[in-house]
Each structure stands twice: as C-alpha cells, then as structure tokens.
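Line by line, the protein sequences give chains L and S. Using the working numbering, you'd call the opening residue of the first sequence number 1 and step up by one each time. Using the working numbering, you'd call the opening residue of the second sequence number 1 and step up by one each time.
Computed list of chain L residues with no C-beta within reach of chain S, every gap over 10 Å: (1) Lys-82; (2) Ala-129; (3) Leu-139; (4) Ser-148; (5) Phe-308.
Covered stretches of chain L, as calculated for chain S (at least 3 residues, CB under 8 Å): (6) 150–157; (7) 183–192; (8) 205–215; (9) 241–253.
What the hints contain is simulated information worked out from the structure, not anything from laboratory work. Note that the Cβ used here is the ideal one computed from N, Cα and C, for glycine as well.
Now for the letters of each chain:
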Amino acid sequence: MALLEVKNLTTYYEILRGYVRAVEGVTFSVEKKEALGLAGESGCGKTTIALSLLRILPSSGRIMDGEIIIDNVNVVKLNEDKMRKDIRWKKISLVFQGAMNAMNPVYQVGEQIVEAIKIHESHVSKKEAHERAEKLFELVGLEPSRLSNYPFEFSGGMRQRAMIAMAIACNPALLIADEPGTALDVIVQTQVMKLLSELKEKLNMSMIMITHDLSLIADTCEKTAIMYAGHIVEFGDTISVFKKNLHPYTQGLVSSFPSIEGERSRIIAIPGSPPDLLDPPSGCRFHPRCPYAMTICRKERPPLIDVFKDHFVACHLIKMQEEKK
Amino acid sequence: MREKIVEATNLVKWFPLRTGLLSSLIKKELFVKAVDDINFDIYTGEIFGLAGESGSGKTTTGKLLIRLIEITGGKIVFKGDDITSLPEAKFKPLRRKLQIIFQDPYESLNPRMTINDIISEPLRVHGISDEREITKRMNRVLEDVKLTPPDEFLFRYPHELSGGQRQRVAVARAIILSPEFIVADEPVSMLDVSIRAEVLNLILELREKYNVSFLFITHDLALARHICDRIAIMYLGKIVEMGSTEDVIKDSLHPYTKALIKAVPVPDPTARRAEVVIKGEIPSPVNPPLGCHFHTRCPSYIGDICRTKEPPLKELKKKHYVACHLY
Numbered sequence: 001m002a003l004l005e006v007k008n009l010t011t012y013y014e015i016l017r018g019y020v021r022a023v024e025g026v027t028f029s030v031e032k033k034e035a036l037g038l039a040g041e042s043g044c045g046k047t048t049i050a051l052s053l054l055r056i057l058p059s060s061g062r063i064m065d066g067e068i069i070i071d072n073v074n075v076v077k078l079n080e081d082k083m084r085k086d087i088r089w090k091k092i093s094l095v096f097q098g099a100m101n102a103m104n105p106v107y108q109v110g111e112q113i114v115e116a117i118k119i120h121e122s123h124v125s126k127k128e129a130h131e132r133a134e135k136l137f138e139l140v141g142l143e144p145s146r147l148s149n150y151p152f153e154f155s156g157g158m159r160q161r162a163m164i165a166m167a168i169a170c171n172p173a174l175l176i177a178d179e180p181g182t183a184l185d186v187i188v189q190t191q192v193m194k195l196l197s198e199l200k201e202k203l204n205m206s207m208i209m210i211t212h213d214l215s216l217i218a219d220t221c222e223k224t225a226i227m228y229a230g231h232i233v234e235f236g237d238t239i240s241v242f243k244k245n246l247h248p249y250t251q252g253l254v255s256s257f258p259s260i261e262g263e264r265s266r267i268i269a270i271p272g273s274p275p276d277l278l279d280p281p282s283g284c285r286f287h288p289r290c291p292y293a294m295t296i297c298r299k300e301r302p303p304l305i306d307v308f309k310d311h312f313v314a315c316h317l318i319k320m321q322e323e324k325k
Numbered sequence: 001m002r003e004k005i006v007e008a009t010n011l012v013k014w015f016p017l018r019t020g021l022l023s024s025l026i027k028k029e030l031f032v033k034a035v036d037d038i039n040f041d042i043y044t045g046e047i048f049g050l051a052g053e054s055g056s057g058k059t060t061t062g063k064l065l066i067r068l069i070e071i072t073g074g075k076i077v078f079k080g081d082d083i084t085s086l087p088e089a090k091f092k093p094l095r096r097k098l099q100i101i102f103q104d105p106y107e108s109l110n111p112r113m114t115i116n117d118i119i120s121e122p123l124r125v126h127g128i129s130d131e132r133e134i135t136k137r138m139n140r141v142l143e144d145v146k147l148t149p150p151d152e153f154l155f156r157y158p159h160e161l162s163g164g165q166r167q168r169v170a171v172a173r174a175i176i177l178s179p180e181f182i183v184a185d186e187p188v189s190m191l192d193v194s195i196r197a198e199v200l201n202l203i204l205e206l207r208e209k210y211n212v213s214f215l216f217i218t219h220d221l222a223l224a225r226h227i228c229d230r231i232a233i234m235y236l237g238k239i240v241e242m243g244s245t246e247d248v249i250k251d252s253l254h255p256y257t258k259a260l261i262k263a264v265p266v267p268d269p270t271a272r273r274a275e276v277v278i279k280g281e282i283p284s285p286v287n288p289p290l291g292c293h294f295h296t297r298c299p300s301y302i303g304d305i306c307r308t309k310e311p312p313l314k315e316l317k318k319k320h321y322v323a324c325h326l327y
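Next up, chain S with everything else stripped away, as it sits in the complex (with noise of 0.2 Å):
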C-alpha cells in the first residue's frame, strides 16, 4: 500500500455572502457553499484529478489543502500531520513542502519583476540566501523546466516571453523548493493546445523525477484522463464520484459523470457526436438544492429520495466511490 501525502477530510468551505445592511438584519446571514463536506486522499506521486464545471468548488478545495484560505470545517493531514489548525508560525516550514500553480501565467506572474527574481524569491522568503546555493538550485529547476540556456531567460520580463514560457517559469517557482506537494489549479487551459501537452509532459516528468504528488484541477476530462491516476468529480461543492481515472471515465456511474462525458466532444469527425443529456445550468452554490444536489437536472431521477435525502459517496465496486440514490 502506497503512503498517503494528503488526508482530507470533511473538509468545508463557506464564504460568507455579503449583504445590505437592512437584509443582514432581517435575514439569516447567507453562505456560498464553495465546499461542502468532501472526502479524499491523495497517495504519494500520484496525480490526483478534480474535475467539474465552474463553480464546484475544485479551486476552493486546491486552496484549501494548502492553507491558502481559511478552513471553515473539517480536516487536513500532511505526512500523518494534521495541519488544520497549525499557528503561522509552525506552519510556514511546511509551506515549502506545499506549493500552486494557477491558471493564468498572464495574471500570476509579477510584470515588473525578471524572471530571475521570480524564480528565486521562495528561495529568499524561505530564508535561503547563499547566492551560491541560489544558483546552483536555480541552473537546476530551469534544467528541469527547460528554459535553457538560463542565461537568455534569467533577466527577462513576463512580458518577453510566449505564455507556454511563462507557465515554466510559474512551474520552476513551484518546484524550486523542492514541494512534496503541488496543486496545479488548470495549469494550461489558457495556453494554446500545440504547447499544452509541454507543459503537461513537464508535469509528467516532474512526477517520476522527484516523486511530487499532484492535484490536478481541471475542467476537461478529455485531459484529465491523460494525465490523471484518479478523479474525482464534483458538482456544487460535494464529490459525486471518485475513482481510477478508466474506471470513472469508461464505466462511469454517477448520471452527472455520465452526462459530463456524454457532453465532451471527439476531435475526430466521424465518431460519436456530443450529447446533451442534461438540461439548463449549474445552479447557485448559495441556495443549493435540497438533497441530491444534482436532482434538479438528473436525467435518472428516481423520486423523493432525490430530493429529499442526501446521497452518501459509497465504494460500490472497488476503489470506485459514487454519491447517489441509482445504486
């Protein structure tokens, strides 16, 4: 049995929604439900995929699993640690164990810094300051990343470089510090698909090289299924169904995985045309439906135990978990 890196569980996340001053008076304060008690592990060098639409919460449980927002509810174990509620303090050495890549290479790059500084400046916020040391692990990441000769990217700016660039650089920052674990929160759906599957590729090798484990945040299962081991699949901040990347996409259980897929188009004219199965829109995360969660656009809907009574996630076969009331 393979180590766990990351145990989460019960996790929660409310934002609390701001109103008027006379509706927060008369009413009860409302919540956006971002994440609503979810269950997971992820194993050492694994790549562990969350996929659903917008609004499911995937990057709120991302941030959440490294303590970038606040926990409203549940717990997370790093390593057998549980570091829900670690003081500052105690926390900021593991911080380097635990790092992000966000989506847009556009926005989470520092335009008035080079990339030599963005690159470096874990490194020095980490207390790290032995320019030798700095170098040295510097020529390394950008070996490991392939921005190479470093010498032509080191003192350039975000802006002199192509966006499949910029995402190594965002990479190198990440892995400078040697992470045990990284959330990679949609980390090419801004880039062009020639240069995708580089930046994809890199993530691949960065897995066998140093044994990183992944969470890999996505709303394309065409590529989660590329380079995932497991998924899970979220819809309004609840996990519908988990299990082996095959297992989920080839012998899916839950109506929402179903449709999902169903929805994805082929890159190839003569198979299968793309389906809509379900009806309308993800509804708001403030005012979820009752029950199943889904029951509002199910295509199976089998009654009032839809709407009446949440679905539990359960191991139907084994290792692959579903929440609904079908089986």
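In isolation and in its complexed conformation, chain L is listed as follows (with noise of 0.2 Å):
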C-alpha cells in the first residue's frame, strides 16, 4: 500500500479571463521511504501540486476534481480543522522554495520553529518545544545556539537548514521539498541535498523533490515523474526514465541538459516554449512543440500507459506502437 496516492487531481486558479488550468488529471503515488522527484519547467504545475497536497493554494486556487489519499485519508475531503490537526506537518510538510524569504525575519529562528511545533502539537510546553528545537538543529548542523539568532544572521545554506529543521518538527511521514537546491550556490545546494537524503534515511520519510534540475532528481529520488503544462507525461523507475525515456518532452528535456561528465556536445534545444495554461493546446499539451505529431496528438489527451514495469508514458506515438505488439 503507498504511503500517498494521487488520483486525477486537478486544481484550476479562477482569475478575471477565466480559469488557468495549472494541474489537470495528474495521477500518481508515493511508496513509503520512497523518494519521488517532480520535474519540470516553470510553470508546469509543480508547485501546485505541492499546495494541492497540503491545501494552501491561495484564494484563487481550488481542487477541482479527484483524491489525495495518505494513510487512507482522502486529504481532498477534510475540513480545514482536522487539516490542520492531522494533516499538514504530521503527516505531510512541506519546505518552502526561496528559503531566504520564507521565514519572518523579525522573529527569531527558533521562535518561528517552537511555533510551528505547538500550533500542530498543542499539548507540547514551550520549554519542551525549544529543547525540541535544539534537537532538530543538530539533526540539520546547525548550532542550537543559532535559535536565538534572526534570519538575516544566517547563509542561505543556514536558512536552508533551518527551513528543513521546521518541516520536520514534527515527524511527517513525507516531506515535499520545493526547488531546495534553487538560488544556493553548487557546493551548499549538495550539501543541502546530501542532508535531506541522510534525514530521508534517519527518519523514515518519503520525499517528494519538485525541482527543474534533472541532475538533482539523478543524484537523490528512486522515482521521476516528468511534468509538461500540468500533466505527467511520463513517470517510473528514476534509471528507466532517465535512460529508457520514450515521451518526446522528456527525451528533450534530458538532451537540453549540459553534463560535466562525458562527451562535450552541442545542446539541443526543444522549440517554442511553453503553453499558456489559461488556453491550453487541446489533446497532448506538448503537440505544438513535437516533432512527431500527429492528428490524434491534437484531438485527443493521451492516456498514462505501463510500458516497462514501473514505468508509464502519456504519448499518442508509444500507444500505437505498443499496441503492435
């Protein structure tokens, strides 16, 4: 049984020209110890997703349609009081993208961590909530004494940490971590990402890694689900998709990728850029921009198929050929 299960979740914004239709049918599951990582380009719905899960999309935004099941808890159904008890930091947390912005800077670090731990855990004292804190600094490698210290005292790659400490205050059985490696420098972002691997481990977490750097999703995650224009077009095993991929998007996505190791080759760039979500294209989002479309790519959504175990594609082309099988 998965730890968190995704079905056909859908979330639109409402905004004055209609509805932006961010995040549309997406469907997968997260197993537990599980680390899946969530690519794609800006705007494709990442994000969403991530606030989707803890439902603090802003006014705007509103589930639309399907299920967010974690540990049987359909998430999509609660009330905003028992979300708040039972859901979000207990069973699902989530660290912030830009953690140079994301605490309060005038308060100090280890107040905004004690607060975060009674709001959630109301029987908790205040003194057992700061040694609670002290704890959770070493856990990440930061000084306890640093609690008293304001955000603007710390690195980025302290901020960081102190981000990750908060999110696990309170033990969540997954962890989504929002583009943590993005605006830190290449040393501090491995560090980083070496620390949420390790506490993966220590703690018993799954983890769910929304990123636009593929090489991040490589070094950490088992799973990969690549995203286009708030769909999943393709999703499984991290080494199948990386090495066996078959969506076109994908295949562009990994060749737009410079690497340090190996051959030095020319970059090839996928044309166009991406849709506009408050018009999407019909049928497959990605059909204006691939060099195999055909009729049907415009008429009609491609179905998530199993292709390889563990392994599924959204893609017209891949169908009918695994239908001549």
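Take each chain as given, in its own frame, and dock them per the hints.
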C-alpha cells in the first residue's frame, strides 16, 4: 500500500479571464521511504501539486476534482480544522521554495520553529518545544545556540537548513521539498541535498522533491515524474526514465541538459516555449512543440500507459507502437 | 598567435562599506574586496568563462571590463589602448564596441518601451538617426536572434514575450552596434532548461558569424564546459585557476576547482553521485581569510604557509595557471 496516492488531481486557478488549468488529471503514488522527483519547467504545475497536497492554495486556487489519499485518508474531503490538526506538518510538510524569504524577518528563528511545533501539537509545552528545536538544529547540522538568531544573521545554506528543521519538527511521513537547491551555490546545494537524503533515511520519511534540475533528481530520487503544462507525461523508476525515456518531451529535456561528464556536445533546444495554461493546446499539450505530432495528438489527450515495469508514458506514438506489439 | 582583445592587469575593485557615523569615527574604513588583483587576457573570437560561487566577484569583473563601474586599481587594455582612465568623452565612441547582456531578462528590459524602442535605443544614443539605416540594422539583428518575422515583435512590449524571447531581445540590443566584445552575465540562469540551449547556441552563432569575443559569467560549470574555450575560476575576488576548458574541468589542479566539480550533480542516475568535499560557505569578502583565501575550507591544507602567504597565480602546465601552495 502506497503512503500517498494521488488520483486524477485537477487544480485550477480562477482569474477574471477564466480558469488557469494549472494541474489536470494528475495521477501518481509515493511509497513509504521513497523519494519521488517531480520535474518540469516553470509554470508546469509542480508547486501547485505541492500546495494542493497540503491544501494551502491561494484564494483563487481550487481543487476541482480528484483524490489525495495519505494513510487511507482523503485529504480533499477533510475540513479545515482536521486538516490543520492531523495532516499538515504531521503527515505532510513542506520546505518552501526560496528559503531566503520564507522566514519572518522580525522573529528569532527558534521562535518560529517553536511556533510550528505548538500549533500542530498543542499539548507540547513551550520548554519541550524549545528542546525539540535544539535537537532539530543538531540534526540538520546547525549550532543549537543559533536558535536565538534572526534570519538575516544566517547565510543562505543555513536558512535552508533551518527551514528543513522546521519542516521535520512534527515527524511528517512525507516531506515535500520545493526547489530546495535553487538560489544556492553548487557546493551548498549539494550539502543540502545530502542532508535531505540522510534525513529521509534516518527518519523513515518519504519525500517529494520538486525541481527543474534533472541532475538533482538523478542524484537523489528513486522515482521520477516529468510534468509538462499541468500533465504528467512520464512517470517511473528514475533509472528507467533517464535511460529508456520514451516521451518526446522527456527526451528533449534530457538532451538539453549539459553534463560535466562524458562527451562535450552541442546542447539541443526544444523549439517553442511552454503554453499559456489559460488556453492550453487541445489533446496532448505538448503537440505544438512535438516533432512527431499526429492528427490524434491534437484531438485526444493520451492516457498514461504502462510500458515497462513501473514506467508509464502518456504519448499517442508510444501507445500505437505498444499496441502493434 | 591570436590577437588579444581585452587585457586586464592587476584589476582591483573595492567597494567602501557604509557604516554608522560613530563607528566610522573610531574604526578605519571597511571595504568589500570584490575583485582583488586579478590578471587575464581575452583573445579575439574567444568565449572566456568566469565561474565561481555567488559573491566571488564575477559580475564585478564583468562590469569593470566595460567600465560600468569605476575601477579602484589596475589597468584595462582594449585592442591595445589603455581605457582605464580615458575621459568619458573619448570613451563614448568605444562604448559601442563593448556591450553587456544582463542576467535577468525580466528586469533588464524597460516594461514601458516596445521591442522596437528597446533595440533601437543604442543606435539613437550613439547618434545614428537615419531611419532607413535604423530599419536596416533592426531587421538584420532580429534575423540574427531569430525573432522573425520582425513585424510580429517590433510593436510588442516585454511582458508579451516569453523569457527566452526576452533574452533574445536583450541579445539583439547588445549586438545592434556591432560590438567586438560582449559581457554575458549569467545569460541563461533565469531561463527554463528547454529554452536555455537556444540562447546558448545563439551566442555560439554570433561568435562564428561576427567573430565577437565574450566574457561568459556563470556559476554552472557544466554549462561553462559546453560553451567556453577557456575558463577562470574565481574565489573571493581572486582567480584560483585558469586554463583551457578541458584542462580546468578534466585535469583540475586547485582543491577548490576539484571540489566545485565534484559537487556538480550529473543528470544520469547510474553515474557518480555528487560529493561534498568542502564544508561551510564562502566567507565574507569584507574580511577575507589571510594567506590563501580558501585555506579555511581547503581539504588539502598543508600548513602555516597557506595561512600566512598568498599563493601567486603561476603557469604550472602549458597555459594552465593555478594559485595554490600545493604546487
């Protein structure tokens, strides 16, 4: 039984001109102790999925359809009170994007962590919460004495560590890290990624890592989901997705990534740019940029089909090839 | 031997730190030593990469070279002429030869100007006002940066374009005066991966077509490897290693370069894992460590000499320079 099952999740943002169809019919699962990498370009709906899982969408955002099941509880159906008491921070927690600005600048870092603990576990006394914060700081490799510092006294890497400490304060079963490495220098980024992987092992957590950087996923996640314009186009075992990728978008994405190893080659671009989700292309949303687009691609959305063991692809071309077999 | 287009000798830039009135009376003035005595040459038609972590002085170096900020010390020579202290009136005709592409195309284009105004402004600034000439040049550069057909873009505003298109507008603006040297300051770091390649390939094409030389500033070594001919690695205002791209990446000498390369993740789940060789983060450039700036984090620390004596940049192998006491 998977820890988290997301079925047909559809989240729209309502604006004056209509609906921004940010996430549409997305299905995936995360097993216990597993790390899933969610990759895609900006605006493809990665963060919207994270916000939907925690139900902290901005006021214009709405989950229109679908189920989010964690430990047999459907999060979509829960009332706000239950959500706060049982799910947020205890079952699912989030390391927000942009550690630089995610903390309140006028409160000490320690106070902010204590506050997070007190809100979600009201029986804990302030003193206990503070002791827990000290332990958390040690766990993420920060001096406990620095709990009384303000965010501006921390460097970027330290702030990201403090954000992680806050996110794991209530022992969540699932930790979502939204672009944990972006805005950090490469050495610090690697330190943070290493820390996340270690914590995942130590605390038996599952993890969803949201990033646009495929190499970070290759380095740390067992499963990979590739998103394009609100759809998951390829999903499966990381090695399989990187080595035997089938979707033309995944192939384009992988070949547009420079590597520091191997042959020095010219990087290949995917022509065009991602679509406007107010009025996304019909059928397969990738068809205007796809070199293999056929008539059916404009008409029907391709279903996510199982190609290899634990490796799913949503593409009409692959589907036809599979059917011929 | 190819010609040198830019020569930077003992380049220094210190920014004074603003302190309170009281502390400025008691203490001596403090400086951020952003660029601290660096030397390098860029050859005609070359893409010279400047890599390092944030705060290492890459952008400051770029801005110094084209005199966007005032130099504290040292000398900049452009095509044999010393431009370090050329008065503005004499420097202005040279400005058209020296251009820059900024990092963030969302902020470097004036939102209230049309693409037409943005790209033609450099021409007007430099006194080219013949409309036929302007149109001719506009069409040529729009073709060069592949914003075609021109009519579709000319009267739009930056917010109507995607990130990749905006950055191509920034490139068009930089090349309309037919420059000979362009500073490209992290030109793709704000762009999505799938469109980065377009802008990078555009830079390579411009070099081939017009023999423009580039200073390519980046924090991404994998990227630098794919586009640069030579690379210099900066750390706290100093160049610690410099050489051909393959030498610096495949055969790196400085412990910092080695650590940087090991920390770069590889987009292949079966390849090696990224490793953390060094601890901590880059120290403050206000009070950089004495001796070798890197000694506080260095995994190959060899003793007092690293703490006390600053290692000079020396040519260890042919055209491969390193500043480290190990060698």
